[in-house]
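Engineer: Residue numbers (numbering that gives the first Met the number 0), protein chains in the order written: chain A, 0 to 343; chain B, 0 to 343.
One should not assume that every hint holds.
A pair counts as met if it fits within one copy or between any two copies, since identical chains are not told apart.
DSS-like, lysine-lysine: derived pairs with alpha carbons at most 25 Å apart [claimed, not checked]:
id, residue 1, residue 2
1, Lys301, Lys244
2, Lys156, Lys339
3, Lys189, Lys242
4, Lys293, Lys244
5, Lys67, Lys244
6, Lys27, Lys156
7, Lys288, Lys138
8, Lys242, Lys200
9, Lys189, Lys244
10, Lys151, Lys67
It should be emphasised that the hints constitute simulated quantities derived from the structure, not laboratory data.
So the chains spell out like this:
2 protein chains.
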Amino acid sequence: MSCKFSSSLSPSHNFPSFSVSATAGTCKLTWDHVLHISESKHVTQQDPSSYLQGYSHKVQLCNRGSDKQSEFLPFVIEGHVVGFIHNRFVEHLRRFNNVFVFTNDGGPVGDCVSLHPLLKTAEERTSAVAYVIEHLGEKYIPHIRNELYPVKSSFDKPTFFSLERAAAPYFGIKAYAIHMSGYVELDGEKHLWIAKRSHSKSTYPGLLDHLVAGGLPYGIDCRENVVKECEEEAGIPRSISIKAKPVGAISYMDIDGYRYQRYVVFSYDLILPESFEPKNEDGEVDSFKLIPVKHVAEVIRKTQFFKPNCAIGIIDFLFRHGYISPENHGYLDLLRSLIKGDCS
Amino acid sequence: MSCKFSSSLSPSHNFPSFSVSATAGTCKLTWDHVLHISESKHVTQQDPSSYLQGYSHKVQLCNRGSDKQSEFLPFVIEGHVVGFIHNRFVEHLRRFNNVFVFTNDGGPVGDCVSLHPLLKTAEERTSAVAYVIEHLGEKYIPHIRNELYPVKSSFDKPTFFSLERAAAPYFGIKAYAIHMSGYVELDGEKHLWIAKRSHSKSTYPGLLDHLVAGGLPYGIDCRENVVKECEEEAGIPRSISIKAKPVGAISYMDIDGYRYQRYVVFSYDLILPESFEPKNEDGEVDSFKLIPVKHVAEVIRKTQFFKPNCAIGIIDFLFRHGYISPENHGYLDLLRSLIKGDCS
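Given these sequences and hints, build the entire structure.
Structural biologist: Now the structure itself:
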């Protein structure tokens, strides 16, 4: 193997990301690299005092910048904090004074950003903020997706308005998503289907990924979203995907410059038939591979081959399925860290 | 069925407890009462806005009195808070001034209780505090168990000394325990083995209980404790119990008068052979029954037939196995509430 892998901070990505470098030219992550790690002879050796550190590190990579929270102003609607906006990004919003207002509520929230009181309905707010985002343009809010996220204070609360997905981190909106672990039991050993992202993806090209994951757009519930993403991302028919089970949630919050990502991800598990082979239908996946869970665990622990936020989802799976035990130091800390973000 | 069941606060127990009353005389909870609830025709009806309330209520019953925290002084050893002692219970400790000292550290902790600086080793501390407990007697610390709990600031930290189990709540010591869900899959449907406590138990006589659960005494790790309790409480041989899987943890904190209970409970799941029948070996269980998980869920939701802290463990099981879904209001709140205590 002539490639040299290193992990580094990649400024073009939302998270510190795995980067691949070779002595000559660029080298793409292949399944051979993955299998090399996961089949290394050290797989079963565990030093209980340090074994979990590789996992904790991956959770930290999705929860950066908590010391920078004071740089953000609360974004408040009808008395509820729905997001956080960087105090310098706020400057770009000031000229849109028929959309945003800057107040001090005199109460516990203090200085905050709000919507103009004349914007009363969800529809009015949605189109007014969309207007601002369009005028700010790709320079300030890149990678517009034309997909709307609901803006609310917590999951069960009413939606105040809807916001372009790409803008969510600039307004510190809590985004909801689903991720699904699809697995097969072969000779009593669980195997996870793992996806490798297409090399043409703008974010994390070529990295490993969940079999199925996706943001929860406005107006669709978790179960329907799982079925939809199963179809699009892995070609899993509804007759199978309807059996996916909700098994909890994880959350994280990550501050990177002006971007304040807050995510709550609902976890699903699906036992797949042995004969099933996933097939990507939206062009976002390069290939899939069925890998023993023990080996996936080693890849998560030892490398940054996975898209960073995937790691949290898989660590959650490892906890629930008995692959991490309390005899390892830091068990409870790691468990709690899986809902480090505002999980509401 | 001639018995009338009501739930009420029972002052003689550590927790609000199920109490059984009948028009004439006392009526014992039987499996018939349980099956009557669990097989009621409303089992599958779910109103998503209120369905989870029955579960949330059971979690609240184990997390009382958080508004009373200010009545307790921190119990500090070597700069670490290891417990909390009620400011009136502290008065009983003052005369033991060669064991306890009452200080203000001038730092963030403020007024606190500590051990005498001459008590330097774990052994010295253990025997000095045991002396105090013995002299306080059953009047102040009832139900002495002659079982030692380790006193530490968090699970992976060194043990400062060991304390009689019955005294733990009076010193607000965080106690660690294990609980195990034993289940069988019959025709694709999971069934949980449920225990009914002996009517002669001093706490929660006759109530429903986990198949296997127990405190984590000093000097034994979780896995060994699971194996030990499996043998004692349900007659599960090591050859089977060794397959129990660690699947996470729950925590709760409950203030009741002078008692500050803080518990972290490590969760285990064990798939049992269809042919296996549990057999109690320590006389603490009246009988066992294999009940479909869906029915167990209804019993938890609608009654207080279960020993209160069991409910949290079973709700955790329901989450992990897909019996509770995000479409129900309060899903994330309920999930977070399972580690409401100091889970460290």
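Engineer: Reference check for the pair Lys189 and Lys242, CA-CA at most 25 Å: within, between, both, or neither?
Structural biologist: Close inside one copy (18 Å) and across copies (15 Å); limit 25 Å.
Engineer: From the Cα coordinates, with 25 Å as the cut-off, is the pair Lys67 and Lys244 best called within, between, both, or neither?
Structural biologist: Neither, since 37 Å and 39 Å both go past 25 Å.
Engineer: With identical chains, the pair Lys242 and Lys200 could be close in the same copy or across copies; at 25 Å between alpha carbons, which is it: within, between, both, or neither?
Structural biologist: neither (30 Å within a copy, 42 Å between copies)
Engineer: For Lys156 and Lys339, with the copy left unspecified, which applies at a CA distance of at most 25 Å: within, between, both, or neither?
Structural biologist: Classified as both: same-chain Cα gap 21 Å, cross-chain 22 Å, threshold 25 Å.
Engineer: Please work out whether the CA atoms of Lys288 and Lys138 approach to 25 Å or closer within one copy, between two copies, in both situations, or in neither?
Structural biologist: neither (38 Å within a copy, 65 Å between copies)
Engineer: Could you figure out if Lys293 and Lys244 sit no more than 25 Å apart (CA to CA) within one copy, between two copies, both or neither?
Structural biologist: Answer is both; intra-copy 22 Å and inter-copy 14 Å each pass.
Engineer: If the cut is 25 Å between Cα atoms, do Lys189 and Lys244 qualify within a copy, between copies, both or neither?
Structural biologist: Both. Shortest intra-copy (16 Å) and inter-copy (14 Å) distances satisfy the 25 Å Cα cut-off.
Engineer: Can you tell me if Lys27 and Lys156 fall within 25 Å by alpha carbon in one copy, between copies, both or neither?
Structural biologist: neither (44 Å within a copy, 43 Å between copies)
Engineer: Checking an output row: Lys151 and Lys67, CA cutoff 25 Å. Within, between, both or neither?
Structural biologist: Within one copy only: 23 Å inside a chain, 32 Å across chains, cut-off 25 Å.
Engineer: With identical chains, the pair Lys301 and Lys244 could be close in the same copy or across copies; at 25 Å between alpha carbons, which is it: within, between, both, or neither?
Structural biologist: between (29 Å within a copy, 23 Å between copies)
The structure does not agree with the numbered hints 5, 6, 7 and 8 stated previously, though it agrees with the rest.
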